[in-house]
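A.B. asks: Okay, here's what each chain looks like letter by letter:
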Amino acid sequence: MAFQICINLLVALMWMFLGESYSMSGFVTGYIVGIVLLFLLRRFLKGPFYLRRVYKIVSLLLIFIKELILSNFEITKLVYAKRLDINPGIFTMETELETDWEITLLAVLITLTPGTVTLAISPDKKEMYIHAMDIIDMKEAVHSIKDSFEKHIMEVTR
Amino acid sequence: MIQKTIDIILDILVILFLIGGTFSMFTASVGVLRFPDIYTRLHAASKGSTLGVASILIGACIFHYTEYGIISGKLILGVLFIMLTAPVASHLISRAAHLRGAKPYGTLKDQYQEAIDKEKRRQKQQQKSK
Chain A
1 MAFQICINLL VALMWMFLGE SYSMSGFVTG YIVGIVLLFL LRRFLKGPFY
51 LRRVYKIVSL LLIFIKELIL SNFEITKLVY AKRLDINPGI FTMETELETD
101 WEITLLAVLI TLTPGTVTLA ISPDKKEMYI HAMDIIDMKE AVHSIKDSFE
151 KHIMEVTR
Chain B
159 MIQKTIDIIL DILVILFLIG GTFSMFTASV GVLRFPDIYT RLHAASKGST
209 LGVASILIGA CIFHYTEYGI ISGKLILGVL FIMLTAPVAS HLISRAAHLR
259 GAKPYGTLKD QYQEAIDKEK RRQKQQQKSK
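As you go down the protein sequences, you meet chains A and B in turn. Take 1 as the starting number for the first sequence in the numbering used here and just add one per residue. Take 159 as the starting number for the second sequence in the numbering used here and just add one per residue.
No lab work stands behind these hints: they were computed from the structure. Careful, some of the hints might be misleading.
With a straight-line cut-off of 25 Å between C-alpha atoms, the simulated BS3-like cross-links for lysine-lysine are [said to hold, decoys possible]:
1) A:Lys151 / A:Lys56
2) A:Lys146 / A:Lys126
3) A:Lys146 / A:Lys46
4) B:Lys232 / A:Lys125
5) A:Lys125 / B:Lys276
6) A:Lys126 / B:Lys278
7) A:Lys66 / B:Lys276
8) B:Lys276 / A:Lys46
9) A:Lys151 / A:Lys77
10) A:Lys56 / B:Lys276
11) B:Lys276 / A:Lys126
12) A:Lys126 / A:Lys151
Here are some chain B residues pointing at chain A (derived, C-beta under 8 Å) [as the list claims (entries may be wrong)]:
13) Val188
14) Thr198
15) Leu200
16) Ser252
The beta-carbon is built from N, C-alpha and C at its ideal position, and this holds for glycine as well.
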């Protein structure tokens, strides 16, 4: 991936110098040309095309934003409710992710999902302790969400 | 004419982002006052303020673009960093509170405490067997 980005930057710089347009627009044009070249020559390069990974990262970011907005609606409903009708509790959840970076991402995502906050991670990094607003129906929801999140995170990091 | 309509639409967008952000921050602060214990308060504080700050920054970014013609990268980076760091801060606060011994509201379940107790018991047994 790093190699492909380097080549892309190099193509952009070459384009800039050959066109003698030392500006942002020249660089951007060169970069786009570089992307097209890399896409056409992707057979000869190691690893998958790197824009695919960029696309995955952007989609993960969009999921972040969506979850954030949904959870804000949930919180708003709870805050302005007449009576506080919640059953908070802390439950454990196993995770298959391994590296620190992946676990951090998953913890952040779970914090941003409606009604859950990650409390802590067990010392062997296999379990997460999650505080939920409504523990009874939240548990199933989180377990179903977790699978899709883990898949997305793995696609980004591996 | 078209330029004018675009300006009006962008202005309305700025207004919506700013009002939305302020409302979300206000909700977060009311939530901090209303909720019963530190963990539920953190729910309000972490989510509300994240979205609030993010949307105010986005509104400011659009405003800078329409008014001065600058695309301010700083503001967009600010949104990214807020979204990455606010949840981490809430983990740290809640974990510190738990280690200090703050009891969660409600009597349902506290599996984190159970895990800590189990670990402590295991260590004690190890010491005894030595």
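A.B. asks: Hint by hint, say whether it matches the structure.
C.D. replies: Evaluation of the provided hints:
1. A:Lys151 / A:Lys56: With a Cα-Cα distance of about 11 Å, the restraint between A:Lys151 and A:Lys56 holds, given a limit of 25 Å.
2. A:Lys146 / A:Lys126: Between A:Lys146 and A:Lys126 the Cα gap is close to 14 Å, so the pair holds against 25 Å.
3. A:Lys146 / A:Lys46: violated, 32 Å
4. B:Lys232 / A:Lys125: Status violated; Cα separation ~34 Å.
5. A:Lys125 / B:Lys276: holds, 16 Å
6. A:Lys126 / B:Lys278: Holds. A:Lys126 to B:Lys278 sits at ~18 Å (cutoff 25 Å).
7. A:Lys66 / B:Lys276: violated, 38 Å
8. B:Lys276 / A:Lys46: violated, 48 Å
9. A:Lys151 / A:Lys77: Distance ~30 Å between A:Lys151 and A:Lys77 Cα, so the pair is violated.
10. A:Lys56 / B:Lys276: violated, 40 Å
11. B:Lys276 / A:Lys126: holds, 16 Å
12. A:Lys126 / A:Lys151: Within the cut-off at roughly 16 Å; holds.
13. Val188: Holds - the Cβ of B:Val188 comes within 8 Å of chain A, reaching about 5 Å at its closest.
14. Thr198: B:Thr198 check passes; min Cβ-Cβ to chain A is 6 Å, inside 8 Å.
15. Leu200: holds, 6 Å
16. Ser252: B:Ser252 check passes; min Cβ-Cβ to chain A is 5 Å, inside 8 Å.
The structure is inconsistent with the numbered hints 3, 4, 7, 8, 9 and 10, although it conforms to all the rest.
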